Amino acid sequence: MIELTINNIKVKAEEGMTILEAAKTVGISVPTLCHLKDLNPTGACRICVVEVEGFKNLIPSCAYPVSEGMVVDTNSNRVRRSRKTIVELLVENHPQDCLICVRNKNCELQDLSERYSVREHRFAGESKNHAIDISSASLERDPAKCILCGRCVRICNEVQKVGAIDFVNRGFSSIVTTPYNKGLNVSDCILCGQCIIVCPTAALREKSSLKIVTNTLASKTKYAVVQIAPAVRASLGEEYNMPAGTDVTGKLVSGLRRLGFKKVFDTNFAADLTIMEEATELIHRVQKNENLPLFTSCCPGWVKYAEGKHPEILDNISTCKSPHEMEGAVLKSYYARKMGLKPEDIFVVSIMPCTVKKYESARSELSKDSIPDVDAVITTRELVRLFNMAGVDFTDLPDDEFDNPLGESTGAAAIFGTSGGVMEAALRSAVFLITGKNSDNIEYTEIRGNRDIKESTLKIGDLELNVAVVNGIGNVETMIKKINSGEKKYHFIEVMACPGGCINGGGQPIHQKTENVIKRVKALYEIDRLATSRRSHENEAVKTIYKEYFEEPGSHLAHEILHTEYFDRSR
Amino acid sequence: MNTNVLEKFPQNDRSALIPLLQEIQENYGYLPEEVLQQAADHVGMPLCTVYGVATFYNQFRLIPLGENVIRVCRGTACHVKSSANILFALETALNIKAGQTTRDKLFSLEVVSCIGACSIAPVISVNDEYFGRLAVKDIDKIVKKYSARKVSVSTANENQES
Ligand code: SF4
Ligand code: SF4
Ligand code: FES
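Residue numbers (my numbering), protein chains in the order written: chain A, 1 to 571; chain B, 1001 to 1162.
You may find that some hints are simply not true.
Stated by the list, open to error - To give an idea of the chain B side of the interface with chain A (calculated C-beta under 7 Å), a few residues:
hint : residue
1    : G1044
2    : L1047
3    : T1049
4    : Y1051
Claimed, not checked - Between beta-carbon pairs, the in silico distance windows are:
hint : chain 1 : residue 1 : chain 2 : residue 2 : range
5    : B       : R1103     : A       : R80       : 50 to 56 Å
6    : B       : G1029     : A       : E68       : 54 to 60 Å
7    : B       : D1138     : A       : Y180      : 25 to 31 Å
8    : B       : V1069     : A       : I134      : 50 to 56 Å
9    : B       : G1029     : A       : I134      : 31 to 37 Å
By construction, these hints were calculated from the structure, which means they are not laboratory data.
Just so we're clear, the structure is a prediction, and the values are computed from it rather than from any experiment.
Quick reminder that beta carbons are idealized off the backbone N, C-alpha and C, glycines included.
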């Protein structure tokens, strides 16, 4: 333990802590911009400077470790003045767009400007003027709003290890962009949106789909239905100041009804359906010993990554469409027929924690006769805007229930939203599909949690299945090396592009707190724990759909409607 | 491409990046896009980071130089003697901005900090020739002089496109 003084308060800190962290333990908040928890500090922005006795210069607290007897002032006039100057310079080189900005009231630059009472334009002059990149189906890049903190670059390079964007040029013409400043659509970007989550301003944001959704809801001819991904119900509450990890399923359903959706369905239904198809696929492949290991296909970010960087393993990726695409496909086939609706009249909106799903829904394979399975994808954040626009007071909404039959689901489906969940759900059902009996075990804790790669072995009779969970696309190269090394034969591998899984997706509420993500995960496991049925094969609606329509998992019709294909998109 | 350029450098070694880029530029006169990609793969870094490095240092160029390189001095003495106007006149005459090359690849226009010929400010250089005490009205003449030379050089194929 080290003792130091911060703002005249005696502080006990652990060795190796930064001044910033030590200050936080006693409730002193120091502003940061370039700092990212768990990554090495770069000390680039200087907004976190403090005064330390014995030092002539101000010290960046995010990068400087505490030492015995240190005397720190985080709030001297000099500190405040220098922080304010930094903010003023940033503000002056930033479009004065707050009133029409998507991050209005949720912007770190705005907060800092307020915190340091910036009330005049002191540094009027030339400001940068970069074009907006709207080339991708999921993300917009607006480098004029970029304050060059570098957080997106570090997430993309060091955490996701995609390396799609970086600092380019120098000095006044510095810009965070793609190679040759080309559109994101032709870059290595997998559209995961992790960079949006960390961006302090609106320089990175999702491409909005609100207009088409509101127009469709107003249309007399379209039959607008909506589905909700598992992860959304555990995070949306945060946008309404509810404690992180509040399950808001009931309110969500009634809110969506008020928006005018004819039916409100649950992507969890299709998650159960996915398990039936994917577990069956796994069993077939293991029996024939071909195209192993099988990789999951729920995450379109992972699929895009594989298509771009590892075309050699495309045959190993499950041909199952991702759950919301399955739900859409079922809605426009089975459900349309059952209800006497024309597929082209149904408009399926998916509420997703994810930005890649926007791109995914536009893939032409995920359509039938040019009618897309899913017509529009909106993120958790966009849903809040939709509710606000419609005057839906979310906190006061009553609870309501999903429409059936595509609203019924099991606990296994709920945990799809977290890393390891798809695998766990598949294991629960694989045992049944092979032996005809349920396993005693229902919770596979060794593949839960936040480690980078999680492994387990499942014994079913003489059969030993080696499974692994890749938690974040940044770990996938390690996994592929492991597979290629041949040290162990893997059978089934789950990959989620976002660290933690969909629950931490690029479309989720913007926050800087890891605690929130952990609480969201807890909420999903809680939904599972309390569910009356916790195994996908016990979903009655799923059973019915096989009886009435698909006959059995992996049938010809199931392949036509629920499965897809992948393409080599490498350079 | 010339794979032997790459072979001179160890694979997956980030510290080899700058010498490697220098070598490529030596070979090609600039850093062609495909070669930059190969260089990135060779040192095991994302293309974007390599591109970032290439754009950070002034010594690297991403577009081939034109046949004639015009350098406009923007040092203090030239600045005082209105070199900004000279630059503007050149940009207008060539229809490019500083740092660019004309579509017919005849001219590249660059800005330099000081040529070291302050006594004849404002000054520009074209290839190895210097032109001092310039006025805006001189620019057209100089540009014409070098455009004229071009005729003897065959770029027939390229010109057909336009
Ligand atoms: S969306 Fe993901 S891959 Fe694309 S730039 Fe952002 S972090 Fe990188
Ligand atoms: S785009 Fe956003 S996160 Fe990236 S450097 Fe700019 S301000 Fe920072
Ligand atoms: S937050 Fe410390 S230097 Fe940027």
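Failing hints, ascending?
-> 1, 7 and 8
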